[in-house]
Each structure stands twice: as C-alpha cells, then as structure tokens.
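Heads up: the protein sequence lines correspond to chains H and W, in order. Using our numbering, read the first sequence as starting at 52 and increasing by one per residue. Using our numbering, read the second sequence as starting at 52 and increasing by one per residue.
Think of the hints as simulated: they come from the structure by calculation, not from any bench. Mixed in with the good hints there might be a few duds.
Unchecked claim - Quick list of simulated restraints, FRET-style, between CB atoms: (1) W:V61 with H:V204: 32 to 40 Å; (2) W:D98 with H:K329: 36 to 44 Å; (3) W:G262 with H:K329: 50 to 58 Å; (4) W:A296 with H:K94: 55 to 63 Å; (5) H:K329 with W:R83: 41 to 49 Å; (6) H:R202 with W:P196: 56 to 64 Å; (7) H:G72 with W:K94: 33 to 41 Å; (8) W:G206 with H:R327: 51 to 59 Å; (9) W:A124 with H:G262: 31 to 39 Å; (10) W:E192 with H:R202: 30 to 38 Å.
What the hints assert, rightly or not - If we take Cβ atoms under 10 Å as the criterion, some of the chain H residues that face chain W in the derived model are: (11) R263; (12) E317; (13) A320.
Claimed, not checked - Anything over 10 Å on all C-beta distances counts as not near chain W; from chain H, calculated: (14) G71; (15) A82; (16) H107; (17) E192; (18) E197; (19) F226; (20) A241; (21) A245; (22) E246; (23) A323.
For glycine and all other residues, C-beta sits at the position ideal for the given N, C-alpha and C.
There are 2 protein chains.
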Amino acid sequence: MTVADPAHNVEPLAIICGGGGIPGAVADAVARRGRRPVMFAIKGWADAAVVERYTHHWIAIGQAGRFFRLARAENCRDMLFIGAVLRPPITQLRLDWQTIRLMPQVLRSYRGGDDRLLAGVASVAESGGLRVVGLHEVAPEVFIPEGALGRHVPGDRDKTDIARALTVIAALGPFDVGQAAIVADNNVLAVEAAEGTDNMLARIADLRRQGRVTAPPGTGVLVKAPKPGQDRRFDLPTIGPRTIANAVRAGLAGVAVTAGSTIIAEPAAVAAAADREKIFVIGVPEVTAR
Amino acid sequence: MTVADPAHNVEPLAIICGGGGIPGAVADAVARRGRRPVMFAIKGWADAAVVERYTHHWIAIGQAGRFFRLARAENCRDMLFIGAVLRPPITQLRLDWQTIRLMPQVLRSYRGGDDRLLAGVASVAESGGLRVVGLHEVAPEVFIPEGALGRHVPGDRDKTDIARALTVIAALGPFDVGQAAIVADNNVLAVEAAEGTDNMLARIADLRRQGRVTAPPGTGVLVKAPKPGQDRRFDLPTIGPRTIANAVRAGLAGVAVTAGSTIIAEPAAVAAAADREKIFVIGVPEVTAR
Numbered sequence: 052m053t054v055a056d057p058a059h060n061v062e063p064l065a066i067i068c069g070g071g072g073i074p075g076a077v078a079d080a081v082a083r084r085g086r087r088p089v090m091f092a093i094k095g096w097a098d099a100a101v102v103e104r105y106t107h108h109w110i111a112i113g114q115a116g117r118f119f120r121l122a123r124a125e126n127c128r129d130m131l132f133i134g135a136v137l138r139p140p141i142t143q144l145r146l147d148w149q150t151i152r153l154m155p156q157v158l159r160s161y162r163g164g165d166d167r168l169l170a171g172v173a174s175v176a177e178s179g180g181l182r183v184v185g186l187h188e189v190a191p192e193v194f195i196p197e198g199a200l201g202r203h204v205p206g207d208r209d210k211t212d213i214a215r216a217l218t219v220i221a222a223l224g225p226f227d228v229g230q231a232a233i234v235a236d237n238n239v240l241a242v243e244a245a246e247g248t249d250n251m252l253a254r255i256a257d258l259r260r261q262g263r264v265t266a267p268p269g270t271g272v273l274v275k276a277p278k279p280g281q282d283r284r285f286d287l288p289t290i291g292p293r294t295i296a297n298a299v300r301a302g303l304a305g306v307a308v309t310a311g312s313t314i315i316a317e318p319a320a321v322a323a324a325a326d327r328e329k330i331f332v333i334g335v336p337e338v339t340a341r
Numbered sequence: 052m053t054v055a056d057p058a059h060n061v062e063p064l065a066i067i068c069g070g071g072g073i074p075g076a077v078a079d080a081v082a083r084r085g086r087r088p089v090m091f092a093i094k095g096w097a098d099a100a101v102v103e104r105y106t107h108h109w110i111a112i113g114q115a116g117r118f119f120r121l122a123r124a125e126n127c128r129d130m131l132f133i134g135a136v137l138r139p140p141i142t143q144l145r146l147d148w149q150t151i152r153l154m155p156q157v158l159r160s161y162r163g164g165d166d167r168l169l170a171g172v173a174s175v176a177e178s179g180g181l182r183v184v185g186l187h188e189v190a191p192e193v194f195i196p197e198g199a200l201g202r203h204v205p206g207d208r209d210k211t212d213i214a215r216a217l218t219v220i221a222a223l224g225p226f227d228v229g230q231a232a233i234v235a236d237n238n239v240l241a242v243e244a245a246e247g248t249d250n251m252l253a254r255i256a257d258l259r260r261q262g263r264v265t266a267p268p269g270t271g272v273l274v275k276a277p278k279p280g281q282d283r284r285f286d287l288p289t290i291g292p293r294t295i296a297n298a299v300r301a302g303l304a305g306v307a308v309t310a311g312s313t314i315i316a317e318p319a320a321v322a323a324a325a326d327r328e329k330i331f332v333i334g335v336p337e338v339t340a341r
C-alpha cells in the first residue's frame, strides 16, 4: 500500500481524543496516509491546541448519542481511541438518553479493570454502528520500532533486568493491572497499577533519595509492555520526553518498551534527551507465550 | 508442650532485632514460654527502649564475627531475625574479618530480591554454627489468627477483592517482589514492591484526593500475605496500629492478612482502632497451590 494512495482515500476516521500530544501525532500520520481525521475531543481531557488543527467536535463522556449523531453527519464508519482518559466517577457523568439505554453494559464495564471498561466502551460504540479500529491498522508508524533509539544500548545486566520486568508484566496479565515495572540489578523495585508511570518513576527517585533503593545510580530499567491478551484498540503503553526526564531522575540506566505496540511521542526529542542524559531507549520484542 | 515447661527451658535464644516494636513483643512471648531472649540490636535500626528490657548487645551489619563471638559467649545455639531492616548499600558496610571471608556468599545474596538476600544471611549465620529458627517455632502467638479481629467483617464485594489480591500476590511469588496489594471493587489499585506498605497506602490516599481512584470511599481492601515459597524465617508480613490509620486515610473498607503467617503488633490497639474507624481487620487462610 502506498501512502496517500487515492484507493485508500476512504471515509474519514473518527478519532476520540484524550489528553496529551499523541492524538495530534496520530492524526498527522493518518492524514499523511491520505485519510481525513475528524477529532472528537473529550472535554476535560483533550488539548485544544492539538485537536483544533483538524475538523473537530467537543464531546463529553456519557454523551454517546451526541457522538453517534456527529460521527454519522461526518460520514465516519471507523473510530479510534487515543490519548489519556482516566475512568471518571460514574456519578459525575451527565448521561444522554442513548447512554442511559446502554447503562447495563456501561455498569458491567465499571466493575473489573481497565480492559473490561474498554471492552464495554467498544461494545457501546459498536451498538452505535461504528467499528472500533486499532492504531496498528491506521498509523503503525507511531509505534517504536525494534532496536535502540539513540546512541546508548543496554549492557548485560540491563538485558537481564529487561527480561525480568517483561515476565513480571506478563505474570500480572490475568489481573488487568500494570503495563510497567522497574527492575534494578535483578530486584523488582516497582510494579505499576493505578498510579501511572510518572508517579511510579517519582517513587523510585524518592526511595533512592531516602536510601531505600540501594542499587547504584545508573542501574535499573523502566520496562513498558501491553498486558498479555490486552485489546490492542485501547490504552497502549506510551512513552515520550517526560518519561525520559523522569527515568533520569529515578537514576535508571534506561527505558525498554515493546516494539510495535508502544506508542512513542516525539521520537526525535526522546532520542536527543536519551543521548544527552546518556541513557538507553530501546524497542524490544514482546514476551510471547509463557 | 506446656508453656514454661522446664524441659523446654533450653539454651537462650539469640534475637537479631531490627526496627519497630515487634522484637519486644516476640521477646515477651519467648520469655513467657520459659526461654531467655538475648537481644542483638542492629545499630541504626533497633529501638533502644525495646531491646533494653532484656540482655542485649548492639551489633552492626557486616560484623558477623563479633556477633558469632557474642552469641557463643551467651550460649545461644538458635537465632531468630525479627523487625525491619532494609538492605544497606554494600559499600557503606564496615566489614569484620569473618564477614570478609564470607564475602562471596554475601555478594551472591546482594543480586536478586529479598529472598535471596535473606537466604544468604541464613547461610552465613549457619556457617558460624548457629541455627536460624522461624517465629512459628518459638512464638506462634504473635501471628494473627483466622477470623475478624474487631467488630466489623468483610461484605461480599470485600471478599471478592480479598480473593483477587491474594491471587495477585501469589502470581508475583516467582519474582520475589511484594507481599501486599490493594484491590477495590475488583480493580487492582496497587502492588507493593520496594516502597513498603505505608507508602503504598499513602499513594492510594493521594490518588483518591486527585480523583484518580474513583471507587467510592469505604471501598477496597489492603491484603498482605507472605510470598509463596518464601522462607518463613525472615521478613514476614506485619501489621499494626499504623497500618489501620493508613488504611483509613486510603479510604479502604478493611485489611485482610493471612492467618498464622502475618505478625500483628499490638492486637488490642489494632482491634480498637478498627472498631473506632469502622473498618474490618481479618485473618484469612493462605492461597494454596495455584
């Protein structure tokens, strides 16, 4: 398939935009491939400067009916979820009529972890006649490729730490919990759950300051990977320049993420930061069957 | 065996005392059973007020030779480790000659998680002619029994959360990582690694304040359990009045810990605090084979 091949200049793509800069990078990639993005910016999460570069509509969580009407008016048949959105307290949602009709489905999604929530969102979307597509189908170039991104590469100790972290994340797959762990000199220092990667890195920086992490500075790896069995249409692991800055503060040797399934925001800025701080950033193969 | 049976009034027990009040409670239990405790208080960790109630010596980590000499002079043949000690930076230890001879063993213990460190400590101790005993052998009454400690008991949702947390901890067993997790309404909110239980609970209190944990206040359970396959002579999970205070700040419904393997400090104070705060504290059976 050629990029911008007119044969692929199909109907526009509805992009449901959460927070951060990734929705913009994704829209750019989609547009470069000859497909028109229509941004559905989630109120309270999406960044106006990011979504306003394309056709856009502001929508609220709980307003499924309004979203379906707008998507139909824009001739969208496919939709993509991208960017950070935290599970809102259900009592704070203002629900429209169509959402209320779908409430049994939504409520079921609220029990259980993120995977169930997102599967619920997808089934709601599909009940509105839209197809939920994955990022790998429409803009695979936003994923990190295999190999080192900058000048630095992991050493033997780092490779052992990376392998251990990947197996920790894989072991937690059935519990729909973290996508990230920090391992230093074969010790599992942190496992991510509700706090998110930045908080987890800040914790390791604190524990190092307090002398409670005794692996020397420049030891340890942040590893991110999608949960095994995760629905790849949602909530993929993401890194960007801030991840590198936080990894440096946590005194790590580097960052390893799964190639082809971790989104990288601003790859050039990430590589430059990694080189400047003398840490590695690498795309690694996913752990397959356990 | 009768408590204080003179036949069991054997040689004194060497108790290596880390931080906190538990070493004192253990020494009391040992003494009630008719055995004389000799406290070996670790400098920088043990609490003077706790250890000074019995025969005691101050020792530094890395001074294995001095410890062995003192233990022999006191006629101890068994030793017990109890209380909090964090892995010290190896470069900050002042090593005596006997410790230096044992360095290959010690260094091997420093790679890998706590279990390997502790197994290394045990093998060093045994090379000095002492036997490392477990708390269950000398003072089983310091463990929490099965059942609710105060007036409150878990409801059905709490029971589901407890079961999920126990399986998360079990799944992490091979990685020598946490002994604790927090699950609320079937979502795994936190998994403990290097940060310790108090830090993990503080994190959930923070995430709740920030609206990033949306389970309503009074939902969620802190669960502590020894790692599967853990050497029961070391580093058993512990709760005390501070655990209850932190669980309340984190907005949890209660605390569940494994009966017969979790140490409870000041059980009467824990039960009183739980009743006052209307949360449950319960000893539950361990998860057996997966």
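Here's how the hints hold up against the structure:
1. W:V61 with H:V204: 32 to 40 Å: violated (58 Å)
2. W:D98 with H:K329: 36 to 44 Å: Given range 36 to 44 Å: holds, Cβ gap about 42 Å.
3. W:G262 with H:K329: 50 to 58 Å: violated (37 Å)
4. W:A296 with H:K94: 55 to 63 Å: violated (38 Å)
5. H:K329 with W:R83: 41 to 49 Å: violated (58 Å)
6. H:R202 with W:P196: 56 to 64 Å: Check passed, 59 Å falls within 56 to 64 Å.
7. H:G72 with W:K94: 33 to 41 Å: Cβ of G72 (chain H) to Cβ of K94 (chain W): about 51 Å, so the range 33 to 41 Å is violated.
8. W:G206 with H:R327: 51 to 59 Å: holds (53 Å)
9. W:A124 with H:G262: 31 to 39 Å: Cβ of A124 (chain W) to Cβ of G262 (chain H): about 33 Å, so the range 31 to 39 Å holds.
10. W:E192 with H:R202: 30 to 38 Å: Because 60 Å falls outside the window, the suggested range is violated.
11. R263: holds (6 Å)
12. E317: violated (24 Å)
13. A320: Constraint on A320 (chain H) not satisfied, violated at 26 Å.
14. G71: holds (15 Å)
15. A82: holds (33 Å)
16. H107: holds (25 Å)
17. E192: Consistent with the label, E192 (chain H) stays out of reach of chain W, its closest Cβ about 31 Å off (over 10 Å).
18. E197: holds (25 Å)
19. F226: Given a closest Cβ separation of 5 Å, the condition is violated.
20. A241: violated (5 Å)
21. A245: violated (4 Å)
22. E246: For E246 (chain H), whose nearest Cβ neighbour in chain W is about 6 Å away, the distance does not exceed 10 Å, so it is violated.
23. A323: holds (30 Å)
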